[in-house]
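Undergrad: Each chain is listed here by its residues.
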Amino acid sequence: MSISGMMRTSASGMAAQSSRLGTVSDNIANASTHGYKRAFTEFSTVVLESGKGAYVPGSVDTTVRYGISQQGGFDYTTSPTDIAIDGNGFILVSDNSGAAFLTRAGSFVKVENGDLVNAAGYKLLGYPMNGGTAAVSANGTTGLVPVNISALALQATPSTQGTFNVNVPVDAEVEASTPGTVNDTTAVYSAKTSLTAVDNVGREVTFDVYYTKTGANTWEVAIFDQSQRDPTTKSFPYGTAGDPPLALETLSFDPATGKLDLALPSPTSITIPVPNGQNLVLDVSKTSELNDDFLPSDTTINGNKPSSVENVEINGDGTVYAVYGNGARVGVFRVPLATVPAPDNLTPGPGNVYSVSANSGNLQLGFPGTGGFGDIKASQLEKSTVDTASELTTMIESQFAFTANSKVFQTGGELMEVLVNLKR
Amino acid sequence: MSLSATLSNASSSLYVAGERTSVVSRNIANAEKAYYSRKSVEVVTIPGSGVRTSGVVRAESPVLFRQVLSSSSSTATYQAQVETLDFLDSTINDVELDASPAALINKFLSALQNYSAQPQSELASKAAVRSAADLANGLNSAASTVRKARTEADSGVQASVDRVNSLLDQFQTVNDYIVKGTLSGSDVTDYMDQRDEILANLSNEVGIRTVSRGNNDMAVYTDSGVTLFDRVPRKLEFVGSGNMTPGLPGNAVYIDGVPVTGANATMPLQSGRIVGLVQARDDISLSYEAQIDEMARVLVTAFAESDQTGGGGPDVPGLFTYTGASGIPPDGVLISGLASALRVNPNVDPDKGGVATRLRDGGISDPLSPQYVYNTDGSASYTNRIDELINKMGANYTFDPAAKLTSDASLTDYSATSVGWLEEQRKVADDGLQYQSTLYQRSFDSFTRITGVNLDEELSLMLELERSFQTSSKLISVVDSMYSALIGAIR
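Protein chains in written order, with our numbering: chain A, 1 to 424; chain B, 1001 to 1491.
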């Protein structure tokens, strides 16, 4: 009976359009939700068997789709813990029960226990680095823990390497009783400077560095611990007179170029055993002997005094850096990205999260910027993929279709009435 | 999604225009501030998402800044010298009193000549002795002026050292901010201006060189290569010399344990106020002090009395003697501090109960002993001794070359040369100051021209920004009316 079939068909059409309007309203409502991926509907026909000369109308079947793999634009923020993904992949987050989800909503803030939590209350997951590198487990969430930045204690970095290049005046006088040979008040040097390093417990240790010309194009470098100096002379002797210096090297220069003569060979680095610290290797390879005054030209030494974490930054490769008060940046966590073979088939959950479904395939993990994964952008958020104008257009179109379906239904109803009224 | 994209592009443009306007306002507000450098905003295009500011940068000119620093150090060197020399100049340049040693020597000479013309006049004898007393006082006060100048220079060094230490502490604070701010990506340009200003103040006190390192960190060395700042400030150490001992240089300044001033300096400073003050304290003032001491010593020698009995007794100080005198000082050897101890022998000073005519008759050294009496018969017209003294004042003496003047000259010539020497020093320092301060002004002007704020530029930029802001706002209102049209289509 095709009149009732017609009514049934138009009812299914109205249901389909209302479903479509549902996605439109959801999309418009979430037009400003960071990390939101628009939903849309696809329709397919349902055909019923028809006899010859009698058409039996079928109905329309609605499938809701999500454009999860669509890239959104970026909003710029001022928080360094806001992250967006440029390219493929999802951030891994967990709820309070510990279940892992995927999301693109990266507005993370630190909460009172030190976790980084996004607007929907999900915690950011990452691999702890523990001073080394983080290893990714490619197909599961094992090893992932919530990124927690409250546990980062005071930290001192002892000095281990540095650069210390100076120019020594080529016309200096040759001295006989050098600081390297006589650690006493009789020692004569050509020039002195000092450098500051950090020991194991974060104390600053200052070393006195004496440059003494001992012969043509030959310079002795003697390094003493400044804290050992004689309090009255403010220089020699360091410790007990006659003690050898902490470090002693003889640099030889090529008179033709004024650079270190590597053929002799002249040493290019000096190792200082920092008291209560590490061995500090100073690169002195660019020391020169030119006709100019004594002048340090490039003096850098690593190491930092102890200080607490002031800030957290997330790098493009997913490394979470703790920024210490003294300016040091230490990688503490590394945030991986995850993806599935069919991201559009992920199951959406509340709070812009997605979970793995049977149709999406299994999780694959990797670090940002590697193997097809996108980059993490700090201080940015991914915008909703909704365009209000096109949603409004869809809405108008849907409204027409709904009205048309209701007209068909109305017509069917009237025809039924005529049919019913045939019986008097 | 192009309408929303238009909206977000337009709003990003509004944001950037706002940021840039705020920087323009910062520039205009600080336009007159020395060492404020012009700031500008770096703008980057984000593909598909409009524009964004990536940071604030400042106009820099490291080469010109280095020139400003070095010329300001040299200016300060001369400035300090001129200050001390001006002070010393008061010993010779008081036109009203005309109290320079040279003038007093001439006055005394004419008083002697006057006395020689009327040896019987008691008035003339008293006038001659008083004139001698004036000369002794003049040399005393000249010596004390020199000592004051040296003490003042010494406390000037102390003040400079304290200032450098406090500037270095400030430097550390600002430098730490800069390094930390650079690492965390915040705007550190204002701190860098502040650091430049601290460096400029530092260069006033001591010549410096800077080495820039990663993360905008900076190390500071003196112009002789001694570390002033490297992560932490190095201490400048100086013990004030207190009252300056005549003839001895003052204490040296130590930086990081290295002596940087004085004869034993391993890495001597080359410029800056400290250098100027130490030179004034130890070179110029010491030489001038030696000249005054030499004049006093020669006065004692010239007016010595010799044994008139033929007994071969030693020469003894006559009219001019000094505290702690034991005989006549040896020829040509500087006795430091003599000028301040010089006085007229009380035996001849009528104001102190002496007899002025002993100047004519001799026997000043010991009135009771006849051994050194020249006018043995007590004649009132005896002029031999006075004439002998006048001749001795015109005679040549050997002076110690340590005083940096001629070693063979008459007393009057020597005192005149000394005036000329001081004036010469002052002129050299003054010329140096003029030259260096002009150089400083020039380099500072060109530094400011390159890095400072140009109001015209800022104004035209402001107009440009206003245009861009208006256009973006217009764009937003156009999108708005497009949406209205669409919404109007919904029935």
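Calculated directly from the structure, the hints in this document are not laboratory data. Treat the hints with care, as some may be off.
Claimed, not checked - Far from chain B, some chain A residues (derived; all Cβ distances over 12 Å): (1) 2; (2) 188; (3) 190; (4) 194; (5) 311; (6) 380; (7) 392; (8) 404; (9) 420.
Stated by the list, open to error - Selected chain B positions facing chain A (Cβ under 7 Å, derived; list incomplete): (10) 1184; (11) 1218; (12) 1219; (13) 1221; (14) 1231; (15) 1424; (16) 1427; (17) 1430; (18) 1490.
As the list claims (entries may be wrong) - Computed spacing ranges between beta-carbons, pair by pair: (19) A:111 - B:1450: 44 to 54 Å; (20) B:1263 - A:281: 52 to 62 Å; (21) B:1460 - A:112: 14 to 24 Å; (22) B:1464 - A:119: 54 to 64 Å; (23) A:67 - B:1460: 38 to 48 Å; (24) A:216 - B:1263: 57 to 67 Å; (25) A:420 - B:1478: 55 to 65 Å; (26) B:1029 - A:96: 45 to 55 Å.
All values derive from a computational prediction rather than experimental measurement. No residue lacks a Cβ here, since even glycine has one placed at the ideal position from N, Cα and C.
Undergrad: Determine for every hint whether it applies to the structure shown.
TA: We went through each hint and held it up to the structure:
No Cβ of chain B approaches the Cβ of residue 2 (chain A) within 12 Å, the least distance being about 31 Å, so the stated non-interface status holds. With 12 Å as the threshold on Cβ separation, the claim that residue 188 (chain A) sits away from chain B is violated: the shortest Cβ distance comes to roughly 8 Å. In this structure residue 190 (chain A) is not separated from chain B by more than 12 Å, as the shortest Cβ-Cβ distance comes to only about 8 Å. With a least CB separation of 5 Å from chain B, residue 194 (chain A) falls inside the 12 Å interface cut-off, contrary to its annotation.
Not every CB of chain B is more than 12 Å from the CB of residue 311 (chain A) (nearest about 6 Å), against its label as outside the interface. The Cβ of residue 380 (chain A) does not lie farther than 12 Å from every Cβ of chain B; its closest approach is about 9 Å, which violates its non-interface assignment. Distance check on residue 392 (chain A): its Cβ comes as close as 5 Å (rounded) to a Cβ of chain B, failing to clear the 12 Å threshold; non-interface status is violated. The Cβ of residue 404 (chain A) sits about 14 Å from the closest Cβ of chain B, beyond the 12 Å cut-off, so the non-interface label holds.
Non-interface status of residue 420 (chain A) relative to chain B is upheld: no Cβ of that chain comes within 12 Å, the nearest being about 33 Å off. Nearest Cβ of chain A to the Cβ of residue 1184 (chain B): about 6 Å, under the 7 Å cut. The hint holds. The interface hint given for residue 1218 (chain B) is broken, as the beta carbon of that residue sits about 11 Å from the closest beta carbon of chain A, more than 7 Å. Hint on residue 1219 (chain B) holds. Least Cβ distance to chain A is approximately 6 Å, under the 7 Å limit.
At a threshold of 7 Å, the smallest CB-CB gap from residue 1221 (chain B) to chain A is about 6 Å, leaving the interface hint in force. Look at residue 1231 (chain B): its Cβ gets to within about 4 Å of chain A, closer than 7 Å, so that hint holds up. About 30 Å separates the beta-carbon of residue 1424 (chain B) from the nearest beta-carbon of chain A, more than 7 Å, and the hint is not met. Interface restraint check: residue 1427 (chain B) against chain A, minimum CB-CB distance 29 Å, threshold 7 Å, status violated.
Because the closest C-beta pair between residue 1430 (chain B) and chain A is about 28 Å apart, greater than 7 Å, the hint is violated. Because the beta carbon of residue 1490 (chain B) sits about 6 Å from the nearest beta carbon in chain A, less than 7 Å, this interface hint is met. For residue 111 (chain A) and residue 1450 (chain B), the Cβ-Cβ distance of about 49 Å falls inside the hinted range of 44 to 54 Å, so the restraint holds. Distance hint check: the CB atoms of residue 1263 (chain B) and residue 281 (chain A) are about 39 Å apart, inconsistent with the given range 52 to 62 Å.
Here the CB-CB span from residue 1460 (chain B) to residue 112 (chain A) is close to 51 Å, at odds with the stated 14 to 24 Å. A hinted range of 54 to 64 Å is violated for the C-beta pair residue 1464 (chain B) and residue 119 (chain A), which are about 38 Å apart. For residue 67 (chain A) and residue 1460 (chain B), the hinted distance range of 38 to 48 Å is satisfied, since their beta carbons lie about 46 Å from each other. Against the hinted window of 57 to 67 Å, the Cβ-Cβ separation of residue 216 (chain A) and residue 1263 (chain B) comes to about 27 Å, which falls outside the hint.
For the pair residue 420 (chain A) and residue 1478 (chain B), the supplied restraint of 55 to 65 Å holds, since their beta-carbon distance comes to about 57 Å. Under the hint 45 to 55 Å, the C-beta atoms of residue 1029 (chain B) and residue 96 (chain A), about 50 Å apart, fit the expected range.
The structure does not agree with the numbered hints 2, 3, 4, 5, 6, 7, 11, 15, 16, 17, 20, 21, 22 and 24 stated previously, though it agrees with the rest.
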